[in-house]
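J.: So the chains spell out like this:
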Amino acid sequence: MSLSRPARLVLGLITVAVLAFIYVPLLVVVVNSFNTSLTFGWPPTGFTLEWWRAAGGNEGVRAALGISVVTALGASAVALVLGTLIALALTRHRFFGREAVSLLVLLPIALPGIVTGLALNAAFTDYLGGLTFVSLIVGHSTFCIVVIYNNAAARLRRMGGNLTEASADLGAGPWTTFALVTLPLMRNGLLAGAVLAFGLSFDEIIVTTFTAGPGVQTLPLWIFENLFRPQQAPIVNVVAAALVALSVVPIYLAQRLSGGATQARR
Amino acid sequence: MITVGRGRGRWRVGALLALPLTWLIVIYLLPLGLLFATAFASVDDFTGAVDWRFTLDNVTRLFTDPAYLRTTARTLGVAAAVTTLCAALAIPVSIFVARAVPARLRPLVIALLITPLWASYLVKVYAWRTMLNPGSGVVEWFLGGSPGFGWTAVVLTLTYLWLPYMILPVYVGISTIPESLLDASADLGAGAWRTFRSVVLPIIGPAVAAGSIFTFSLSLGDYITVQLVGGTSQMMGNVVYQSFSTNLPFAAAMAGLSVAIMIAYLLGMRRLGALDNL
Amino acid sequence: MPVNVDLVPNYADIIESLKNQPWNSVDGVTYGIPHGRGANLLLYNAEAFPTPPDSWAAMWESDSDQAGKISPYDDAIYIADAAVYLMATQPDLGITNPYALDQTQFDAAIALLGQQKPLVGEYWGDFTKQASGLASGAITQAQGWQLTANFANADSEVVGTVKPKEGATGWSDTWMVAKDTEHINCAYKWLDHVASPKVQAQIAEYFGEAPANAKACDLTANPDHCDVYHATEEDFWTDVWYWTTPETACLDGREDIECVPYSQWVDAWTSLRSS
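Protein chains in written order, with my numbering: chain A, 1 to 266; chain B, 1 to 278; chain C, 1 to 275.
There's no promise every hint is true.
As the list claims (entries may be wrong) - Listed next, the in silico SDA-like pairs over lysine to any residue satisfying Cα-Cα at most 25 Å (straight line):
| id | chain 1 | residue 1 | chain 2 | residue 2 |
| --- | --- | --- | --- | --- |
| 1 | C | LYS117 | B | GLY77 |
| 2 | C | LYS165 | C | GLU255 |
| 3 | C | LYS163 | C | ILE257 |
| 4 | C | LYS163 | C | GLU255 |
| 5 | C | LYS19 | C | GLU205 |
| 6 | C | LYS117 | B | ARG61 |
| 7 | C | LYS179 | B | TRP52 |
| 8 | C | LYS117 | B | THR64 |
| 9 | C | LYS117 | B | SER146 |
| 10 | C | LYS179 | A | PRO214 |
| 11 | C | LYS117 | C | ASP102 |
| 12 | C | LYS165 | C | GLN146 |
| 13 | C | LYS117 | B | TRP52 |
As the list claims (entries may be wrong) - To give an idea of the chain B side of the interface with chain C (calculated C-beta under 7 Å), a few residues:
| id | residue |
| --- | --- |
| 14 | THR64 |
| 15 | ASP65 |
| 16 | TYR68 |
| 17 | GLY231 |
| 18 | THR232 |
| 19 | GLN234 |
| 20 | VAL239 |
| 21 | SER243 |
| 22 | ASN247 |
Calculated from the structure, these hints are not laboratory results.
Treat the numbers as computed from the prediction; the structure is a model and nothing was measured.
Here a beta-carbon is modelled for each residue, glycine too, at the ideal position from N, C-alpha and C.
Put together the whole structure using the sequences plus the hints.
T.: This is the structure:
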């Protein structure tokens with residue numbers, strides 16, 4: 001539908017307002033990362049680069065960043081495997097319990113984080129060996145599965161069965177078909193899903209609180225601990241500002257990769 | 001659909017699902033079930049440890065104590081308000097980007113709208129805390145007054161946090177509406193608003209429902225935002241968080257209630273087609 | 001498990017009033033080594049109160065002029081603070097120990113907390129959050145730790161502390177040994193290490209509390225540390241009620257009536273916070 005000029009104007013204004021709504025708090029954070037005052041009153045009292053310098057050298061931040069990255073990579077990798085397996089099973093076959101499985105996959109992310117956290121915590125403290133780095137990655141993988149599954153399933157449905165049937169007709173076994181035909185076609189969807197899973201895991205705090213072992217501190221955990229400490233809070237702002245700036249890239253990438261889904265059909 | 005003999009097909013499904021299902025059941029479903037079973041256990045007076053004597057006390061307390069009924073009602077109210085606000089903001093924005101922004105700029109604008117997803121949740125909430133701070137916050141500085149910490153702040157902050165989760169599916173939903181459908185509507189004489197109400201809205205219903213799963217669920221279980229900007233307010237998540245170390249059965253009961261609510265919501269949204277739009 | 005104090009040489013130097021107390025011993029058998037203690041003081045914003053307040057009243061009375069700006073501790077044990085206030089303001093209730101409350105006394109404490117709720121700005125669980133609230137003036141009076149005040153005063157003196165005339169609750173931490181410990185010798189070495197003057201001094205200054213070993217006072221980096229924390233001033237501690245787990249068998253020795261156990265404290269607190 002072609003929008004009339006007044007409609008275009010109103011919608012445009014709303015969009016600008018929403019963009020402002022979205023970015024003003026982030027700007028406040030960025031501005032505060034240069035604020036000399038330690039209590040972040042507004043307006044800022046002065047400009048300083050001291051916090052950025054301190055953040056660069058802060059050991060706690062670096063360690064936490066490392067742990068977050070490793071966790072997110074691990075969780076995305078595991079989720080990739082599990083999510084793809086489930087997507088293949090659910091889109092290619094009809095079987096009893098199919099609906100139930102698709103609901104089950106959704107649960108870790110659909111149910112409130114604290115419930116997932118408590119359940120995972122109970123699993124690990126009761127019979128899976130206690131809370132460690134591994135329990136953290138396992139926990140994160142569990143709620144990342146659905147993100148991969150969605151993207152993979154979407155791709156598979158669009159792909160249809162023709163190519164795989166053709167491959168089978170040509171004599172390729174299921175594993176060969178998967179490796180040479182299905183996987184390359186799914187690649188973009190999987191990548192987009194992995195990027196989203198990475199982001200999800202990187203920023204997660206609630207399940208993390210319940211599944212990280214002692215001494216395992218992800219970036220969100222570090223932030224939570226230092227949010228109110230007068231000496232550290234400015235560094236938290238720096239970390240936040242950096243995260244905002246850096247995150248445009250992967251989001252843009254994810255959008256491009258799953259670009260097929262956003263083209264209007266004629 | 002691959003047409004293989006039923007026997008082989010079933011074997012293949014089993015092979016594919018063996019690993020993920022074992023994972024999900026052992027790590028998630030089993031302890032979840034155990035957790036809900038705990039809701040019917042008691043607690044040792046002195047140590048706070050779980051005592052496996054069957055009792056309905058926890059569940060009855062949940063439904064008879066006016067304090068908890070109020071908390072549940074408020075939490076549902078907050079979740080509903082946040083979902084509504086997110087939808088109200090996401091729809092016009094998505095229409096604008098899908099229909100008025102040049103195609104090559106669309107990924108960029110969408111990226112701009114989604115980017116905050118990656119800025120740390122905690123920092124965003126803390127940013128709102130400092131902004132809403134009565135006396136020294138940005139909001140007070142700009143508007144002369146601040147709602148301060150309380151339910152308004154909670155709804156505002158949660159809407160802010162979950163908006164990208166609503167924008168994504170809604171935008172995808174709107175941008176996949178075939179041009180031809182909209183042209184047909186215009187040909188039949190409908191103005192933009194009429195087209196929106198009668199053609200677009202029903203079509204993106206599932207997309208909105210999909211987005212609402214996130215906004216509703218994330219609001220239902222949140223306890224950190226309330227702590228930081230809610231003043232003395234409490235939501236269901238806070239009750240669970242406060243109780244789980246000293247009275248796990250009661251925490252389990254409250255958690256069970258939130259799960260029941262969420263499952264009911266999921267089933268409802270599934271009927272609206274949300275699950276195909278995630 | 002019980003601790004054999006003969007195997008912990010430094011135990012001899014632990015302040016006597018901390019030994020064999022209800023929270024670290026059972027029927028005269030010692031179960032742990034005292035670690036350090038502190039009182040839950042009345043913290044106040046110095047700008048709002050150029051003269052320090054001397055009573056908890058502004059945090060409890062409905063006509064308080066600090067409505068919306070007070071900050072109590074967000075935990076069930078805070079019920080004891082209500083009991084402490086009742087000990088001074090409603091002596092007919094007969095409360096002799098804020099952790100030994102029979103049902104009537106307990107209900108009175110809960111009622112007082114209900115009275116306080118509309119006055120509360122924020123219940124605090126994170127001392128750094130409370131410090132920033134006090135420093136900014138959003139909170140003018142709070143129950144908290146000396147540590148919190150020190151934190152808030154990092155740049156300038158904005159927060160003062162005082163122990164009000166009604167008394168206060170406090171805490172005395174204890175190192176205990178788990179029942180089936182594999183490395184029992186290691187555990188005992190640790191107990192002795194942690195009770196030694198030098199380590200006690202470090203702990204006390206790091207955490208912001210009074211050491212349990214009086215000899216630590218000569219070794220603190222800040223020579224006034226022990227004075228600030230009243231480490232050796234026994235008079236200071238006479239009306240400080242250390243956190244103790246309430247039990248059905250009343251802690252004040254009453255045998256004719258049952259007291260409310262901690263699990264019910266938690267239930268009542270959760271209900272109060274949700275109302």
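J.: Taking the hints in turn, state whether each one holds.
T.: Okay, the hints, checked on the actual structure:
1. Of the supplied pair hints, the one linking LYS117 of chain C and GLY77 of chain B holds, its CA atoms being roughly 22 Å apart against a limit of 25 Å.
2. Note on LYS165 of chain C and GLU255 of chain C: the hinted pairing is violated, with a Cα-Cα distance of about 30 Å set against a maximum of 25 Å.
3. For the given pair, LYS163 of chain C sits about 32 Å from ILE257 of chain C by alpha-carbon distance, which is inconsistent with the 25 Å threshold.
4. Between LYS163 of chain C and GLU255 of chain C the alpha-carbon distance is near 32 Å, which puts this suggested pair outside the 25 Å criterion.
5. Between LYS19 of chain C and GLU205 of chain C the alpha-carbon distance is near 22 Å, which keeps this suggested pair within the 25 Å criterion.
6. For a cut-off of 25 Å, the pair hint linking LYS117 of chain C to ARG61 of chain B stands: about 22 Å separates their Cα positions.
7. A C-alpha spacing of about 22 Å is found between LYS179 of chain C and TRP52 of chain B, which places the hinted pair at or below 25 Å, so the restraint holds.
8. A C-alpha spacing of about 22 Å is found between LYS117 of chain C and THR64 of chain B, which places the hinted pair at or below 25 Å, so the restraint holds.
9. For the proposed pair LYS117 of chain C and SER146 of chain B, the alpha carbon gap of about 22 Å is at most 25 Å, so the pair holds.
10. A hinted pair counts as satisfied when its Cα atoms are at most 25 Å apart, and LYS179 of chain C with PRO214 of chain A qualifies at roughly 21 Å.
11. Restraint check for LYS117 of chain C and ASP102 of chain C: satisfied, since their Cα atoms lie roughly 22 Å apart, inside the 25 Å limit.
12. With a C-alpha separation of about 17 Å, the suggested pairing of LYS165 of chain C with GLN146 of chain C holds against the 25 Å cut-off.
13. A distance of roughly 35 Å separates the Cα atoms of LYS117 of chain C and TRP52 of chain B; the hinted pair therefore is violated under the 25 Å criterion.
14. Of the supplied interface hints, the one on THR64 of chain B is violated, with its beta-carbon coming no nearer than about 11 Å to a beta-carbon of chain C, more than 7 Å.
15. Annotation: interface hint on ASP65 of chain B holds; nearest CB of chain C at approximately 6 Å, less than 7 Å.
16. Hint status for TYR68 of chain B relative to chain C: holds, with the closest Cβ pair at about 6 Å, below 7 Å.
17. Of the supplied interface hints, the one on GLY231 of chain B holds, with its beta-carbon coming within about 6 Å of a beta-carbon of chain C, less than 7 Å.
18. With 7 Å as the threshold, the beta carbon of THR232 of chain B comes within range of chain C, its nearest partner Cβ sitting at about 5 Å, so the hint holds.
19. With a cut of 7 Å, the hint placing GLN234 of chain B at the interface with chain C holds, because the nearest CB-to-CB distance is about 5 Å.
20. The interface hint given for VAL239 of chain B holds, since its Cβ lies 6 Å from the closest Cβ of chain C, which is under the 7 Å cut-off.
21. Because the closest C-beta pair between SER243 of chain B and chain C is about 6 Å apart, less than 7 Å, the hint holds.
22. Residue-level restraint check for ASN247 of chain B holds (minimum Cβ-Cβ distance to chain C is 6 Å; threshold 7 Å).
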